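Chains A and B, in that order, are what the protein sequence lines are. 0 is the number of the first residue of the first sequence in numbering that gives the first Met the number 0; add one for each residue after it. 0 is the number of the first residue of the second sequence in numbering that gives the first Met the number 0; add one for each residue after it.
Hints may contain errors.
Because identical chains cannot be distinguished in the list, a pair is counted as satisfied if it fits within a single copy or across any two copies.
[As the list claims (entries may be wrong)] Capping the alpha-carbon separation at 20 Å, the derived lysine to any residue pairs in SDA-like fashion look like this:
| no. | residue 1 | residue 2 |
| --- | --- | --- |
| 1 | Lys183 | Ala376 |
| 2 | Lys183 | Tyr342 |
| 3 | Lys345 | Glu370 |
| 4 | Lys180 | Leu234 |
| 5 | Lys352 | Ile95 |
| 6 | Lys155 | Ala377 |
| 7 | Lys155 | Phe58 |
| 8 | Lys201 | Ser21 |
| 9 | Lys161 | Lys180 |
| 10 | Lys24 | Ser304 |
| 11 | Lys155 | Glu204 |
| 12 | Lys161 | Gly277 |
| 13 | Lys348 | Glu407 |
| 14 | Lys205 | Gln133 |
Just so you know, the hints here were simulated from the structure itself, not pulled from any lab data. All values reported here derive from a predicted model rather than from experimental measurement.
Read off the chains here:
Protein chains: 2
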Amino acid sequence: MSTADIRMRGFTKRTPIKTLLSLIKVHSQLLSAEEILIVDSCGRILAQDINSPTNVPNFDRSAMDGYALDAESTFGASAYNPLMFKVVGEVTPGEIYEAVIQPGEALRIMTGGPIPKGANAVLMAEHAELFDDQIQVLEAVTPGKHVGQIGEDVKKNQILLKQGRFLRPQDIAVLASVGLKKVKVVRKPEVELLITGNELLKPGEKPSGVQIIDTNSVMLRPLIQRDGGVLKAVLHLRDERDLLRRHLSDSTADLICMTGGTSVGIEDHGPTLVEELGELLVHGIPMRPAAPTGFGLIPGSFGDSKIKIFLLPGNPVSCLSAYDYFVGRSLRLMGGRSEEWPYRSKIVKLATKISSQIGRSEYVRLRIENERAFFIAAGGASILSSTTQADGFLLTDEESEGFAEGEEVRVWLYDEY
Amino acid sequence: MSTADIRMRGFTKRTPIKTLLSLIKVHSQLLSAEEILIVDSCGRILAQDINSPTNVPNFDRSAMDGYALDAESTFGASAYNPLMFKVVGEVTPGEIYEAVIQPGEALRIMTGGPIPKGANAVLMAEHAELFDDQIQVLEAVTPGKHVGQIGEDVKKNQILLKQGRFLRPQDIAVLASVGLKKVKVVRKPEVELLITGNELLKPGEKPSGVQIIDTNSVMLRPLIQRDGGVLKAVLHLRDERDLLRRHLSDSTADLICMTGGTSVGIEDHGPTLVEELGELLVHGIPMRPAAPTGFGLIPGSFGDSKIKIFLLPGNPVSCLSAYDYFVGRSLRLMGGRSEEWPYRSKIVKLATKISSQIGRSEYVRLRIENERAFFIAAGGASILSSTTQADGFLLTDEESEGFAEGEEVRVWLYDEY
Numbered sequence: 000m001s002t003a004d005i006r007m008r009g010f011t012k013r014t015p016i017k018t019l020l021s022l023i024k025v026h027s028q029l030l031s032a033e034e035i036l037i038v039d040s041c042g043r044i045l046a047q048d049i050n051s052p053t054n055v056p057n058f059d060r061s062a063m064d065g066y067a068l069d070a071e072s073t074f075g076a077s078a079y080n081p082l083m084f085k086v087v088g089e090v091t092p093g094e095i096y097e098a099v100i101q102p103g104e105a106l107r108i109m110t111g112g113p114i115p116k117g118a119n120a121v122l123m124a125e126h127a128e129l130f131d132d133q134i135q136v137l138e139a140v141t142p143g144k145h146v147g148q149i150g151e152d153v154k155k156n157q158i159l160l161k162q163g164r165f166l167r168p169q170d171i172a173v174l175a176s177v178g179l180k181k182v183k184v185v186r187k188p189e190v191e192l193l194i195t196g197n198e199l200l201k202p203g204e205k206p207s208g209v210q211i212i213d214t215n216s217v218m219l220r221p222l223i224q225r226d227g228g229v230l231k232a233v234l235h236l237r238d239e240r241d242l243l244r245r246h247l248s249d250s251t252a253d254l255i256c257m258t259g260g261t262s263v264g265i266e267d268h269g270p271t272l273v274e275e276l277g278e279l280l281v282h283g284i285p286m287r288p289a290a291p292t293g294f295g296l297i298p299g300s301f302g303d304s305k306i307k308i309f310l311l312p313g314n315p316v317s318c319l320s321a322y323d324y325f326v327g328r329s330l331r332l333m334g335g336r337s338e339e340w341p342y343r344s345k346i347v348k349l350a351t352k353i354s355s356q357i358g359r360s361e362y363v364r365l366r367i368e369n370e371r372a373f374f375i376a377a378g379g380a381s382i383l384s385s386t387t388q389a390d391g392f393l394l395t396d397e398e399s400e401g402f403a404e405g406e407e408v409r410v411w412l413y414d415e416y
Numbered sequence: 000m001s002t003a004d005i006r007m008r009g010f011t012k013r014t015p016i017k018t019l020l021s022l023i024k025v026h027s028q029l030l031s032a033e034e035i036l037i038v039d040s041c042g043r044i045l046a047q048d049i050n051s052p053t054n055v056p057n058f059d060r061s062a063m064d065g066y067a068l069d070a071e072s073t074f075g076a077s078a079y080n081p082l083m084f085k086v087v088g089e090v091t092p093g094e095i096y097e098a099v100i101q102p103g104e105a106l107r108i109m110t111g112g113p114i115p116k117g118a119n120a121v122l123m124a125e126h127a128e129l130f131d132d133q134i135q136v137l138e139a140v141t142p143g144k145h146v147g148q149i150g151e152d153v154k155k156n157q158i159l160l161k162q163g164r165f166l167r168p169q170d171i172a173v174l175a176s177v178g179l180k181k182v183k184v185v186r187k188p189e190v191e192l193l194i195t196g197n198e199l200l201k202p203g204e205k206p207s208g209v210q211i212i213d214t215n216s217v218m219l220r221p222l223i224q225r226d227g228g229v230l231k232a233v234l235h236l237r238d239e240r241d242l243l244r245r246h247l248s249d250s251t252a253d254l255i256c257m258t259g260g261t262s263v264g265i266e267d268h269g270p271t272l273v274e275e276l277g278e279l280l281v282h283g284i285p286m287r288p289a290a291p292t293g294f295g296l297i298p299g300s301f302g303d304s305k306i307k308i309f310l311l312p313g314n315p316v317s318c319l320s321a322y323d324y325f326v327g328r329s330l331r332l333m334g335g336r337s338e339e340w341p342y343r344s345k346i347v348k349l350a351t352k353i354s355s356q357i358g359r360s361e362y363v364r365l366r367i368e369n370e371r372a373f374f375i376a377a378g379g380a381s382i383l384s385s386t387t388q389a390d391g392f393l394l395t396d397e398e399s400e401g402f403a404e405g406e407e408v409r410v411w412l413y414d415e416y
């Protein structure tokens, strides 16, 4: 791709969105594994199969509060023929009762307590009437009743969880239950944000004159986290070619998002720098906003692996949509997650029509009221407040002219609960 | 409630689940506000209305890369009547061009650049042909074209976001755009986990003999975080009444989860301690597992506010279901969130029947395969692996006898994407 001719000339050619998506898929390979503490592993992706080194439990235990006894010696007990058992002691979880329970004896036992020798069943506390040191048994108990057997939860050598698993709260609890301390998970992709623009002030500063606040870093930070990335650095840089070049060359990230300077203006160094340092695979897509989005690869400072670089438009709505359509997907793929959006969706009737130009996908913001979706007209790539008014969004198909009023559409709901 | 009679006797009376839920609602009041940095506020609940102190942008700006000029001087331009404009300089975002643009002059301008005096429109770069220091204009431009006006995104004094708002990535970006640095959000409920049981080892230790690993703290930690709580302490304590009493008396948390020791066994100090120190509102519910769940209030070490205390069964499946049904809800209410479950749900056909005893709600774990839900028979409150095999769960109604095979049910999906 020759870049000399695009500055101040517009995009001569736009890459179809599908092509960009498949390039992202090809280049967003699964990252290597790292070992972390199980207690910190919820939400991570398992990078190994886990076999259990042990039975859980590793002893027969009581599933109830009650009395451990020999089941056979209760046979024949009924309301008409109550049998009396001598309570010889008690055992609570974590203790061992050493003596052997004899027929006619019972051991008071708490839920989780180890079944003593000589006993093979537990009579529930509610079904026994206590008289001094004896209990009255009014019905027979079957062998094994209320006894949790060795390995009833997890069997030794059983495959507990498989590679690729998204670890949920109960999953990491099971991993801990077999005595494991650490686990191998897919490494989190490391992300650097290069926020470019001479007009930008850092978040927290006061806008004044013709200076405006960088809001993209504020917005991208939680999105990167949601998609399993870890933000290593946020750099606010002036539109100076050498400065930008140095930062790109020195990067050790897995992925760089460069916002601003991605279009065809004279200060738009992004595309030409990527081409100079590596390979500019895509520049310009048929999507509105976010048309000046770019994607490329540059050499990493470490070894062979290449750094994925996304050129995101500086306008905040463009930046949001391009992040969500492309960068988030790349991060999720590298981290071993589903490439699909994490957003919930909802089928809703359109209260207004939506026009879209054939050959271009529109990122449409929608407000939902009484199960009807209203198009938010306050358009423009720079109108960030259009996304705060919106409950969700949709992307029109490149082949579509839009939707009629009353048509049902799938709206993707911005994160919220 | 008299407790002397419940030890080793079973629950004489169970509190309906609806009653427990409404007690939770009454006692889980919204917490006070705290001021935090906007960049850290994503996912928090806004505790104030926010009015914008400024216009965004605070100057007229270009919405395109192109040429700023006086629109009227382009009137009459066409392919048959091209007009030439002299390019007098350029302006990029963050710069000010001081001179006044005269009719017949054009200023090269980048997206976001301030419109100079004398100009009221921008001609897109793609529509101008450059010849040395002149551009050829082939069509007229209307006044205001591609000009983003003062306040087009946010108007000074406009209400930006209202109290109670769940802050999304774009919301905090808009807050930053108006030059705010900090924002008041609802304080996060502080939680203490008291894990009781003489048989328990800490996560990461090796199970041996009749000792087992505490898995409840591993599982509850990410759930508490999900529900907006902050885990202040995890304490593993022996079943010693004085020790437990001291920890309850000294607590400074908003909410305590005590796991284990909640039932009617002789080592079950939880219920009687809560009654002794404060008020035991509920002990025993018609839910399986999780029947020994309790809820009460004890005085806090600070001022008037009472600490909510949940007594959760030690068995992990019971602990998970009781947390999810009751504790998570309380945390969400205190933090200003929706009391509803954060889980996604799905209507699925049952591949197997589900039996439920009238008068009791069953926490049923289900595996979903080809859009059909399979009941996971490996029941029992202690079988944690039943929840790792499951994709989701449902709770049967107290009045229901269960569901027939082929019936459609709503399954709540355990967190995953």
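Evaluated hints:
Proximity of Lys183 to Ala376 under the C-alpha cut-off of 20 Å is found in neither arrangement, the shortest distances being 48 Å within a copy and 30 Å between copies. Proximity of Lys183 and Tyr342 under a CA criterion of 20 Å is satisfied in neither setting, with 27 Å inside one chain copy and 27 Å between copies. In this assembly of identical chains, the alpha carbons of Lys345 and Glu370 lie at most 20 Å apart whether taken from the same copy (9 Å) or from different copies (19 Å). Taking the closest pair of Cα atoms, Lys180 and Leu234 come within 20 Å of each other only across two copies (18 Å); inside a single copy the shortest separation is 37 Å, beyond that limit.
Within a single copy, Lys352 and Ile95 get their C-alpha atoms no closer than 74 Å, and across copies no closer than 40 Å, so neither meets the 20 Å cut-off. In this assembly of identical chains, Lys155 and Ala377 lie within 20 Å of each other by CA distance solely across copies; the values are 17 Å between and 61 Å within a copy. Taking the shortest Cα distances, Lys155 and Phe58 sit within 20 Å of each other inside one copy (13 Å), while across copies they are farther apart (70 Å). For the homomeric pair Lys201 and Ser21, neither the shortest alpha-carbon distance inside one copy (35 Å) nor that between copies (46 Å) is at most 20 Å.
In this homomeric assembly, Lys161 and Lys180 come within 20 Å of each other (Cα to Cα) only inside a single copy, at 17 Å, whereas the closest approach across copies is 45 Å. In the homo-oligomer, the alpha carbons of Lys24 and Ser304 lie at most 20 Å apart inside one protomer (16 Å), although the nearest pairing across protomers, at 53 Å, exceeds that limit. Taking the shortest alpha-carbon separations for Lys155 and Glu204, only the inter-copy value of 17 Å comes in at or below 20 Å, while the best intra-copy value is 59 Å. Taking CA atoms no more than 20 Å apart as the test, Lys161 paired with Gly277 passes in neither setting, with 37 Å inside one copy and 46 Å between copies.
Taking the shortest alpha-carbon separations for Lys348 and Glu407, only the intra-copy value of 4 Å comes in at or below 20 Å, while the best inter-copy value is 25 Å. Proximity of Lys205 to Gln133 under the C-alpha cut-off of 20 Å is found in neither arrangement, the shortest distances being 80 Å within a copy and 38 Å between copies.
Hints 1, 2, 5, 8, 12, 14 from the earlier list are contradicted by this structure; the remaining hints agree with it.
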